[in-house]
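> Got two chains here, each in a separate frame; can you build the complex from them with the hints?
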Amino acid sequence: DVKVTQSSRYLVKRTGEKVFLECVQDMDHENMFWYRQDPGLGLRLIYFSYDVKMKEKGDIPEGYSVSREKKERFSLILESASTNQTSMYLCASSLEYDEQYFGPGTRLTVT
Amino acid sequence: KQEVTQIPAALSVPEGENLVLNCSFTDSAIYNLQWFRQDPGKGLTSLLLIQSSQREQTSGRLNASLDKSSGRSTLYIAASQPGDSATYLCAVFKGTGNQFYFGTGTSLTVIP
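Here the protein sequences line up with chains A and B, keeping their order. Reminder that position 4 of the first sequence reads as -3 in our numbering, one-by-one numbering, no gaps. Take any residue in the second sequence, note its place counting from 1, add 121, and you have its number in our numbering.
Hints in this document: simulated from the structure, not taken from any laboratory. There may be inaccurate statements among the hints.
Unchecked claim - The list that follows gives simulated cross-link-like pairs (lysine-lysine, PhoX-like), each with its CA atoms no further than 25 Å apart:
| hint | chain 1 | residue 1 | chain 2 | residue 2 |
| --- | --- | --- | --- | --- |
| 1 | B | 215 | A | 64 |
| 2 | A | 63 | A | -4 |
| 3 | A | 64 | A | 48 |
| 4 | B | 189 | B | 122 |
| 5 | A | 50 | B | 189 |
| 6 | B | 215 | A | 46 |
| 7 | B | 163 | A | 6 |
| 8 | A | 64 | A | 11 |
| 9 | A | 48 | B | 215 |
| 10 | B | 189 | B | 163 |
| 11 | A | 48 | A | 11 |
| 12 | B | 122 | A | 48 |
| 13 | B | 189 | A | 48 |
| 14 | A | 11 | A | 63 |
| 15 | A | -4 | B | 163 |
| 16 | A | 11 | A | 50 |
Here chain B stands alone, though its shape is the one from the complex (with noise of 0.2 Å):
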């Protein structure tokens, strides 16, 4: 069964750093990966969504990257504010089954 893990499972910055955040996955046959965030006691809101044959996607001081074959996503954040304060969860899908898995999430803390 697909593993996603998210480390570190939180982190604290101060405002202005520009931060990474990880997702690592045991098999690489994966149809796509998706970015998310979640604000405390909410759903999840879609950040980024890359396909297998992408290398990286970005959106505004977002950029999601991709190594299928290392089973590796990184989630770079750009000149953080106190407003990305949230966890951001990974999930890959593999493309049968329509099941989509995720990790753990990593709780970002922006410091003003």
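Next comes chain A alone, as it looks inside the complex (with noise of 0.2 Å):
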């Protein structure tokens, strides 16, 4: 069964604070995916990966950084966060050109 995990469901951190957020894949899938989703606005792709230590910024990448050092972890790494970047932020895996799996997702609130 397919699996994708995120480190953390609920997180509370404080205005420029540097936050990571991890995201572990057993499927050996090379592409791996951050999004954001904000109701009424969707899913936002932040970055992506599609092989190790390879990334490409998505639509809204400003604030976000990613670390792709084995196949199966993607981090995104808030460098100094703000309350604007309170959201939802789902990780999803594939396999080239299939289809996506997600993680449980993290409720991220900055104070």
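Structure (structure tokens):
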């Protein structure tokens, strides 16, 4: 059974803190994605990675960075959290040209 | 840029009804289309994947169709149950750049 896990379900951080969100998949997928989901705006792609150490910016990369040192792990980093980064963060993975599998999501609140 | 629209944004039906959810997209050059279910505060669960060469896919009480030329897909749910209450999203994949484009979803409530 395919599985994508995220390090936290809920997270509360203060403005200016550095935040790490981790995602792990056990399906040997090449592609991994980070999205954020906000009411009325749907899912927006932050970054995706198509291989170890390879990454490309999505639609809203500002204020975020990513790291993929191992195939199964894709990390999203908020260098200096701001209140407008309060959101639901969703990680996904896929084989090339195949369906996406999502993790359970991390609800991040920045105060 | 690909635009994906789902109308209506919300739908409420009595238990037992058959219903259709709609998804439209502006660029017919897609590689596949995927339907997801999302429960409140949770991640997305894949329901059905339709390749661009296919017309429909079925899984249990769910049937998804694809009309690529007109830029439309429908998700048919037969004999709806309260447990079907969730938000349903569609996403299209263009096959390049690993970009998936999502609709904003239809929130379905099935009333017992």
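> Take the hints in turn and mark each one as holding or not.
Evaluated hints:
1. Under the criterion of a C-alpha separation no larger than 25 Å, the hint pairing residue 215 of chain B with residue 64 of chain A is consistent with the structure, at around 24 Å.
2. Restraint check for residue 63 of chain A and residue -4 of chain A: the C-alpha separation of about 16 Å stays at or below 25 Å, so the hint holds.
3. Proposed proximity of residue 64 of chain A and residue 48 of chain A is supported: the alpha carbons are some 12 Å apart, at most 25 Å.
4. Our distance criterion of 25 Å between C-alpha atoms is met by residue 189 of chain B and residue 122 of chain B, whose separation comes to about 17 Å.
5. The hinted pair formed by residue 50 of chain A and residue 189 of chain B fails the criterion: a straight-line CA distance of about 28 Å is larger than 25 Å.
6. For the given pair, residue 215 of chain B sits about 24 Å from residue 46 of chain A by alpha-carbon distance, which is consistent with the 25 Å threshold.
7. For the given pair, residue 163 of chain B sits about 20 Å from residue 6 of chain A by alpha-carbon distance, which is consistent with the 25 Å threshold.
8. Under the criterion of a C-alpha separation no larger than 25 Å, the hint pairing residue 64 of chain A with residue 11 of chain A is consistent with the structure, at around 23 Å.
9. A hinted pair counts as satisfied when its Cα atoms are at most 25 Å apart, and residue 48 of chain A with residue 215 of chain B qualifies at roughly 18 Å.
10. Using a Cα cut-off of 25 Å, the hinted pair residue 189 of chain B and residue 163 of chain B is violated, with the two alpha carbons roughly 30 Å apart.
11. A C-alpha spacing of about 20 Å is found between residue 48 of chain A and residue 11 of chain A, which places the hinted pair at or below 25 Å, so the restraint holds.
12. A threshold of 25 Å between alpha carbons decides the hint, and for residue 122 of chain B with residue 48 of chain A the separation of about 21 Å falls inside it, so the pair holds.
13. Taken as a hint, the residue 189 of chain B and residue 48 of chain A pair is broken in the structure, with Cα atoms around 30 Å apart against an allowance of 25 Å.
14. A hinted pair counts as satisfied when its Cα atoms are at most 25 Å apart, and residue 11 of chain A with residue 63 of chain A qualifies at roughly 21 Å.
15. A hinted pair counts as satisfied when its Cα atoms are at most 25 Å apart, and residue -4 of chain A with residue 163 of chain B qualifies at roughly 14 Å.
16. A distance of roughly 20 Å separates the Cα atoms of residue 11 of chain A and residue 50 of chain A; the hinted pair therefore holds under the 25 Å criterion.
Checked against the numbered hints given earlier, the structure breaks hints 5, 10 and 13 and satisfies all the rest.
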